[in-house]
Amino acid sequence: MTEEVISIGSTQNPVSGSNPQPAVKKKRSLPGTPDPEAEVIALSPKTLMATNRFLCEICGKGFQRDQNLQLHRRGHNLPWKLKQRSSKEVRKRVYVCPEKSCVHHHPSRALGDLTGIKKHFCRKHGEKKWKCEKCSKRYAVQSDWKAHSKTCGTREYKCDCGTIFSRRDSFITHRAFCDALAEETARVNAGSHMKNHAGHMNYQFSLGPNMGQHFSSIFKPISSNPQNIDPMTRGLSLWNMSQQPPQSQETICKNLQEMHQMGVSVSSGGAIYSCIDPPVNPCPSNPHSPSTTYQLTWDFAKNLNSSNGAANDQLSCNSLPLSNINVKDMGNHQLSGSVSSLFSTQQQSHQQTSAANMSATALLQKAAQIGATTTDPSLLGNFGLKCTENPIQNPVTTGLGSDFSALNHLQMYPSMRHHIQNQENITEGETRDFLGVGIQSICHPSSINGWI
Amino acid sequence: MVQEEGSSSFGSSPLHLFSMMSLSPGVGSPYPWLREMRSEDRGLFLIHLLIACANHVASGNVENANIGLEYISHLASPDGDTMQRIVAYFTEALADRMLKGWPGLHKALNSTKITSVTEEIIVQKLFFEFCPFLKLAYVITNQAILEAMEGEKVVHIIDLNSFEPAQWISLLQALRERPEGPPHLRITGIHEQKGVLEQMANRLNQEAEKLDIPFQFNPIVSRLENLDVESLRVKSGEAVAISSVLQLHSLLAVDDEMLRRNSPLVNKSPNAVHFQRVLQMNPRTLGDFLDKDVINTCGASPDSESSSPLSLPIPPKIASFLNAISVLSPKLMVVTEQESNHNGFSLMERITEALNFYAALFDGLESTAPRASIERQKIEKMLFGEEIKNIISCEGLDRKKRHEKLDKWIPRLELAGLGKVPLSYHVMLQARRLLHSYNYDGYKIKVENGCFVICWQDQPLFSASAWRFIRYS
Chain U
1 MTEEVISIGS
11 TQNPVSGSNP
21 QPAVKKKRSL
31 PGTPDPEAEV
41 IALSPKTLMA
51 TNRFLCEICG
61 KGFQRDQNLQ
71 LHRRGHNLPW
81 KLKQRSSKEV
91 RKRVYVCPEK
101 SCVHHHPSRA
111 LGDLTGIKKH
121 FCRKHGEKKW
131 KCEKCSKRYA
141 VQSDWKAHSK
151 TCGTREYKCD
161 CGTIFSRRDS
171 FITHRAFCDA
181 LAEETARVNA
191 GSHMKNHAGH
201 MNYQFSLGPN
211 MGQHFSSIFK
221 PISSNPQNID
231 PMTRGLSLWN
241 MSQQPPQSQE
251 TICKNLQEMH
261 QMGVSVSSGG
271 AIYSCIDPPV
281 NPCPSNPHSP
291 STTYQLTWDF
301 AKNLNSSNGA
311 ANDQLSCNSL
321 PLSNINVKDM
331 GNHQLSGSVS
341 SLFSTQQQSH
351 QQTSAANMSA
361 TALLQKAAQI
371 GATTTDPSLL
381 GNFGLKCTEN
391 PIQNPVTTGL
401 GSDFSALNHL
411 QMYPSMRHHI
421 QNQENITEGE
431 TRDFLGVGIQ
441 SICHPSSING
451 WI
Chain R
1 MVQEEGSSSF
11 GSSPLHLFSM
21 MSLSPGVGSP
31 YPWLREMRSE
41 DRGLFLIHLL
51 IACANHVASG
61 NVENANIGLE
71 YISHLASPDG
81 DTMQRIVAYF
91 TEALADRMLK
101 GWPGLHKALN
111 STKITSVTEE
121 IIVQKLFFEF
131 CPFLKLAYVI
141 TNQAILEAME
151 GEKVVHIIDL
161 NSFEPAQWIS
171 LLQALRERPE
181 GPPHLRITGI
191 HEQKGVLEQM
201 ANRLNQEAEK
211 LDIPFQFNPI
221 VSRLENLDVE
231 SLRVKSGEAV
241 AISSVLQLHS
251 LLAVDDEMLR
261 RNSPLVNKSP
271 NAVHFQRVLQ
281 MNPRTLGDFL
291 DKDVINTCGA
301 SPDSESSSPL
311 SLPIPPKIAS
321 FLNAISVLSP
331 KLMVVTEQES
341 NHNGFSLMER
351 ITEALNFYAA
361 LFDGLESTAP
371 RASIERQKIE
381 KMLFGEEIKN
391 IISCEGLDRK
401 KRHEKLDKWI
411 PRLELAGLGK
421 VPLSYHVMLQ
431 ARRLLHSYNY
441 DGYKIKVENG
451 CFVICWQDQP
461 LFSASAWRFI
471 RYS
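Taken in order, these protein sequences are the chains called U and R.
Going by the UniProt record's numbering, the first residue of the first sequence is number 1, and it counts up by one from there.
Going by the UniProt record's numbering, the first residue of the second sequence is number 1, and it counts up by one from there.
No incorrect hints appear here.
The list that follows gives simulated cross-link-like pairs (lysine-lysine, DSS-like), each with its CA atoms no further than 27 Å apart:
# : chain 1 : residue 1 : chain 2 : residue 2
1 : R       : Lys153    : U       : Lys124
2 : R       : Lys100    : R       : Lys113
3 : U       : Lys128    : R       : Lys210
4 : R       : Lys389    : U       : Lys366
5 : R       : Lys210    : U       : Lys124
6 : R       : Lys444    : U       : Lys366
7 : U       : Lys134    : R       : Lys153
What the hints contain is simulated information worked out from the structure, not anything from laboratory work.
Because the structure is a prediction, the values reported are computed rather than measured.
Sequences are here, hints too, so could you generate the full structure?
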């Protein structure tokens, strides 16, 4: 901390107020950790905020320090006297903040510098009277304001999306979230690897100071409480960082139990806020080597793109960038030859669990393509509507045939074809549908409607 | 000869295939080859069956629909993959619709149902936790409110469905950090359950005290359509904001029977008419009767695809609701709605739209919760399943889940005297930040005309838009 010169000795150039260079430069210590031997001074707010207590009687000019006033009086040819520095050892002084709720109010956290405590008081507990002209930032301390005005708008960083930043760190933080970047990375990275990687990135960036002036308080700095999952004690916020699966599962179960116990008055405590890290993906979490796994997925994507020609199923290309599950299973499915080596453990585990789990949205798209002659994706609707016309004319007979002719598409399903061929040998006598009713009865509407 | 005709069309293998089954129903899934079917093939098969079955239901062919449902029952399951689950719920809805053709039967089956209010509330909370949509809606709403209320000293927020304290707790925390200090905040929460509102009141009061923000919570136990605006007790000089998360669409419920009679697309098949008519309930209250009258005077066909938005009559409930709250001259209303058209006049239209929508929802849920998860099943059954049932099997005033896209909402709201406020970049930042912090992969937020559309992959799911009331001179 800078040594404040309390009194000026009888040297010839005291006016400049420059501090004589100490022989050994003292290192700046942590704020609020004072020397235990120091004398604690508690000034009132009035005193702290007071400026210019010392007034010249001639011209009325105010000075913060008596020495400055004395020097000024010389100019008026008035008698002046400068106090000498007291001969005995001056005890180190530390100051406490008069604001009771403040951390620095307690003597053990006192600040060692008078100017420091003045500025602290203004910044934290004072009104922000100074406003920057260019941006809307406000400051309580004039020197802060001046310092800011000098740099405001001077250096600019521009993101791809068009936003401008004056600070490098906020620019970097923004870029991490910026859409352009996110979309690109989402497209080339297979889900699970990105998940772990992103989890890491977000850890750091959530602490960015300029991210969202308003909600920044809600983001709890995870580094300070990695173990503390229970949000009840941490205060409540709309979102926490994603936690490790087993712990979050526990919290959810525990809190759900509480909810059940409380009956109608559902406990809306911690349960609501902790999120669930998807335990679906059995991906090995590799915090040690995120870069390598990242690299692997990149390679996979490249390989996939090159092998597009080979893969006949066009759905695989479309759905690849989309869901995690698709990727893994496409890996199972079509590309086992070229890229299975990249997916060592993960692929095997998935092969055991499920075979080709296409997402429902992908299935619907495919159905629309199969069920119609053109490639219009809204054809699923048309497919349905087309069939309505038949039943109206001939409610039962053609109806059943025509739309179950959709079942002709069964021919397309290779596994079905196999079975169809196998079973065609069975004799006609067994042609009964499984209702045991036989085909004839279907043609004659057994009018249940006749009931009414 | 009918019989011959019938048999000739059955010459193709597929039905032949089914005919091979000699086992009677009810023995469980007896078809080994079905089990060996790849899930992709099974999924496609299910889609075809579902559409075929739906067609039969729409045209009133009960027998064929029954056969279709029987086939589906061997393939679909609420425990299977996403397609199996979706089809299971859709077919349940179709069956429910069919059953309404025999009102006595339907009532008898549903009379002993135990509706657990606690379970319903728990499911809402589960939806909040497992899916990002509510969290996103709250973040967007809060940020928009913060921006609109800059400089205001007294803020009054009206929450049209107040059940999740987290929404307002985060707003309270954000208000604390305001440079000019927090305003005096009042929140009026509307919900049908008193217990839920009491819970909200406790949590919010607690939080506000901790943050030292002057705060008041007013509970209003009421259904949205019966809301008495006077009970909101808005005082002059307050800056009012309204948060509507997935609520407005229920006000679109009208008696479609009147509209159907006027529609040029009337289905003349006798079965169909019999079927549809039974589904319309006779007006039971004066309110219903008045609704009918208003629609008669409006007259125009409600067919959504062909007519221009301005020729659509505004359903009376929403018109009166918007009128009532415009009197409060709110500074901001943030509307979050499902971005899909489930309010089509014809059943098939609704089914095809709903299939795409719920497919994406189920896929999203699959990516965040394991198949064995009971919570996920609860959300699928009690939340999505019930919505699907409402969309498919209910008609008229009973059909509350009348989701519509932004391109219908925008002209409707503008006609009622609202002006759109584009959502700012900061709102987008907060929303994206939320998605990243939870590692919700696969979800995207797009901007369209100043409104946000939350998508799963490329399927739009929910929209969020902000509005202000323009005063008439």
